[in-house]
Amino acid sequence: MEKLRENLVVSFGNPLLDIVAIVDNEFLEKYNLRPDNAILAKDEHMVLYKDLVEKYNPNYMAGGAAQNTLRVCQWILQKPKVTTFFGCVGKDNYANILEEKAIQDGLNVRYQYTVDAPTGTCAVLISNGHRSLCANLAAATQFNMEHFEKPENQELWKNATYFYISGFFLAVNANIVKQVARHAYESKNTFIMNLSASFVVQQFKESLMDLMPYVSILFGNEDEVRLFAREFNWHTKDLRVIGQKLMTLEKANCEDVRIVIITQGPQPVLVFEGCTIREFPVQKLNPEQIVDTTAAGDAFVGGFLAQYIQNKAMDTCISCGIWAASQIIQRIGCTFEGKPSFRE
Numbered sequence: 001m002e003k004l005r006e007n008l009v010v011s012f013g014n015p016l017l018d019i020v021a022i023v024d025n026e027f028l029e030k031y032n033l034r035p036d037n038a039i040l041a042k043d044e045h046m047v048l049y050k051d052l053v054e055k056y057n058p059n060y061m062a063g064g065a066a067q068n069t070l071r072v073c074q075w076i077l078q079k080p081k082v083t084t085f086f087g088c089v090g091k092d093n094y095a096n097i098l099e100e101k102a103i104q105d106g107l108n109v110r111y112q113y114t115v116d117a118p119t120g121t122c123a124v125l126i127s128n129g130h131r132s133l134c135a136n137l138a139a140a141t142q143f144n145m146e147h148f149e150k151p152e153n154q155e156l157w158k159n160a161t162y163f164y165i166s167g168f169f170l171a172v173n174a175n176i177v178k179q180v181a182r183h184a185y186e187s188k189n190t191f192i193m194n195l196s197a198s199f200v201v202q203q204f205k206e207s208l209m210d211l212m213p214y215v216s217i218l219f220g221n222e223d224e225v226r227l228f229a230r231e232f233n234w235h236t237k238d239l240r241v242i243g244q245k246l247m248t249l250e251k252a253n254c255e256d257v258r259i260v261i262i263t264q265g266p267q268p269v270l271v272f273e274g275c276t277i278r279e280f281p282v283q284k285l286n287p288e289q290i291v292d293t294t295a296a297g298d299a300f301v302g303g304f305l306a307q308y309i310q311n312k313a314m315d316t317c318i319s320c321g322i323w324a325a326s327q328i329i330q331r332i333g334c335t336f337e338g339k340p341s342f343r344e
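For the sequence shown, counting from 1, position 54 maps to 54 in UniProt numbering; every step adds exactly one.
To be clear, the hints were calculated from the coordinates, so they are not data collected in a lab.
By construction, the Cβ of each residue, glycine as well, lies at the ideal position given by its N, Cα and C atoms.
One thing to keep in mind: the hints can contain errors.
With a straight-line cut-off of 25 Å between C-alpha atoms, the simulated DSS-like cross-links for lysine-lysine are [to be verified]: (1) K150 <-> K188; (2) K150 <-> K91; (3) K101 <-> K79; (4) K50 <-> K3; (5) K339 <-> K3; (6) K30 <-> K3; (7) K245 <-> K81; (8) K312 <-> K158; (9) K312 <-> K79; (10) K178 <-> K101; (11) K42 <-> K91; (12) K30 <-> K42; (13) K205 <-> K150; (14) K188 <-> K251; (15) K188 <-> K3; (16) K188 <-> K245; (17) K81 <-> K188; (18) K50 <-> K81; (19) K101 <-> K312.
Label pairs and their computed distance ranges (CB to CB) [to be verified]: (20) Q203 <-> G129: 26 to 36 Å; (21) K42 <-> G129: 20 to 30 Å; (22) K55 <-> R182: 43 to 53 Å; (23) Y56 <-> N96: 21 to 31 Å; (24) K50 <-> K284: 32 to 42 Å; (25) K42 <-> N128: 39 to 49 Å; (26) N128 <-> N159: 43 to 53 Å; (27) K50 <-> N189: 38 to 48 Å; (28) R240 <-> K55: 13 to 23 Å; (29) K50 <-> R240: 42 to 52 Å; (30) A313 <-> Y60: 30 to 40 Å.
Go ahead and model the full structure; you've got the sequences and the hints to work with.
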């Protein structure tokens with residue numbers, strides 16, 4: 001068993017500053033946004049951020065799906081720099097806030113800085129306990145091969161054992177994701193992928209399918225995997241059938257069995273591993289305890305990873321993921337304090 005060490009996990013993602021506010025349904029309708037959905041901002045959404053700041057009193061928090069996952073993972077591990085994060089930010093105050101928070105939470109931050117765009121932001125709109133995300137990636141889209149190939153960065157990511165990629169990063173640089181995936185396969189290490197959002201499945205389905213042979217663990221929620229099935233004409237909405245088909249898609253390493261994990265909000269987590277399908281009930285919370293579901297999925301993966309990289313049993317990995325998600329949804333944003341109380 002490999003001990004916890006620096007740079008054990010490497011992730012590439014979009015570092016975003018979350019602008020979090022509780023809004024009414026009229027605000028969502030004004031910008032054609034839906035609860036429990038995530039989109040990339042279009043031209044008509046650019047005024048949304050100014051509108052949000054003027055009408056509401058938002059909180060500013062470190063965000064970005066992959067970065068959130070690593071922050072939760074680090075919180076549970078209580079050992080700095082086990083995870084390394086790559087992404088691109090602007091040279092501005094938002095970037096300073098993001099970097100300070102990420103380092104404080106234990107990440108080894110390897111940001112690329114650009115003068116060509118401001119740090120990315122994500123409007124996190126909470127209504128009736130549900131969340132709608134509208135991300136303006138801005139600088140996050142500028143992450144390039146030059147930064148990726150710097151010798152000091154290559155040394156870091158090539159020496160990792162676990163690679164975690166959020167589907168959102170396919171909108172930035174699918175070629176880098178493919179390189180990382182191939183490296184994980186060639187070095188007999190673990191490549192972990194999250195579908196992340198419906199638009200990722202729709203807009204990048206070919207890239208996702210290209211990556212599948214290298215994916216050792218695949219995460220997705222019920223909407224994302226059902227959409228995946230629809231995009232590839234599987235003619236079923238049955239999560240058990242879809243999970244099994246995802247698990248048995250071609251694998252580059254025939255000896256490596258893909259694990260598929262499907263979350264369903266308050267319904268049980270489905271785990272497809274080998275010949276088994278298992279259900280794990282989630283922790284039940286009263287409606288008044290649920291404050292913000294924004295980072296529930298990110299936190300679930302963070303909790304899972306914290307145990308998986310220590311070679312813990314699958315039951316423990318899933319239980320920790322469920323526990324982490326239950327903690328995060330009782331607070332605004334992906335935030336936590338004190339030491340984690342998870343017990344195996």
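Here is what the structure says about each hint:
1. K150 <-> K188: Cα-Cα ~23 Å, so holds.
2. K150 <-> K91: holds (19 Å)
3. K101 <-> K79: Holds. K101 to K79 sits at ~16 Å (cutoff 25 Å).
4. K50 <-> K3: With a Cα-Cα distance of about 47 Å, the restraint between K50 and K3 is violated, given a limit of 25 Å.
5. K339 <-> K3: holds (21 Å)
6. K30 <-> K3: Cα-Cα ~51 Å, so violated.
7. K245 <-> K81: violated (36 Å)
8. K312 <-> K158: Within the cut-off at roughly 24 Å; holds.
9. K312 <-> K79: holds (17 Å)
10. K178 <-> K101: Roughly 29 Å between the alpha carbons, so the hint for K178 and K101 is violated.
11. K42 <-> K91: Cα-Cα ~23 Å, so holds.
12. K30 <-> K42: holds (14 Å)
13. K205 <-> K150: Measuring from Cα to Cα gives roughly 29 Å; hence the hint is violated.
14. K188 <-> K251: holds (13 Å)
15. K188 <-> K3: Answer holds: K188 to K3 is near 17 Å, not above 25 Å.
16. K188 <-> K245: The given pair, whose Cα atoms are some 23 Å apart, holds under the 25 Å limit.
17. K81 <-> K188: holds (22 Å)
18. K50 <-> K81: Roughly 35 Å between the alpha carbons, so the hint for K50 and K81 is violated.
19. K101 <-> K312: violated (28 Å)
20. Q203 <-> G129: 26 to 36 Å: Check passed, 28 Å falls within 26 to 36 Å.
21. K42 <-> G129: 20 to 30 Å: Once the Cβ atoms are compared, 26 Å apart, the range 20 to 30 Å for G129 and K42 holds.
22. K55 <-> R182: 43 to 53 Å: For K55 and R182 the Cβ distance comes to about 47 Å; the hint holds.
23. Y56 <-> N96: 21 to 31 Å: holds (24 Å)
24. K50 <-> K284: 32 to 42 Å: holds (39 Å)
25. K42 <-> N128: 39 to 49 Å: With a Cβ separation near 25 Å, K42 and N128 fall outside 39 to 49 Å, so the hint is violated.
26. N128 <-> N159: 43 to 53 Å: holds (46 Å)
27. K50 <-> N189: 38 to 48 Å: For N189 against K50, whose Cβ atoms are near 44 Å apart, the range 38 to 48 Å holds.
28. R240 <-> K55: 13 to 23 Å: Since the Cβ atoms of R240 and K55 sit about 44 Å apart, the hinted range of 13 to 23 Å is violated.
29. K50 <-> R240: 42 to 52 Å: At 46 Å between Cβs, range holds.
30. A313 <-> Y60: 30 to 40 Å: Given a distance of about 39 Å, which is inside 30 to 40 Å, the answer is holds.
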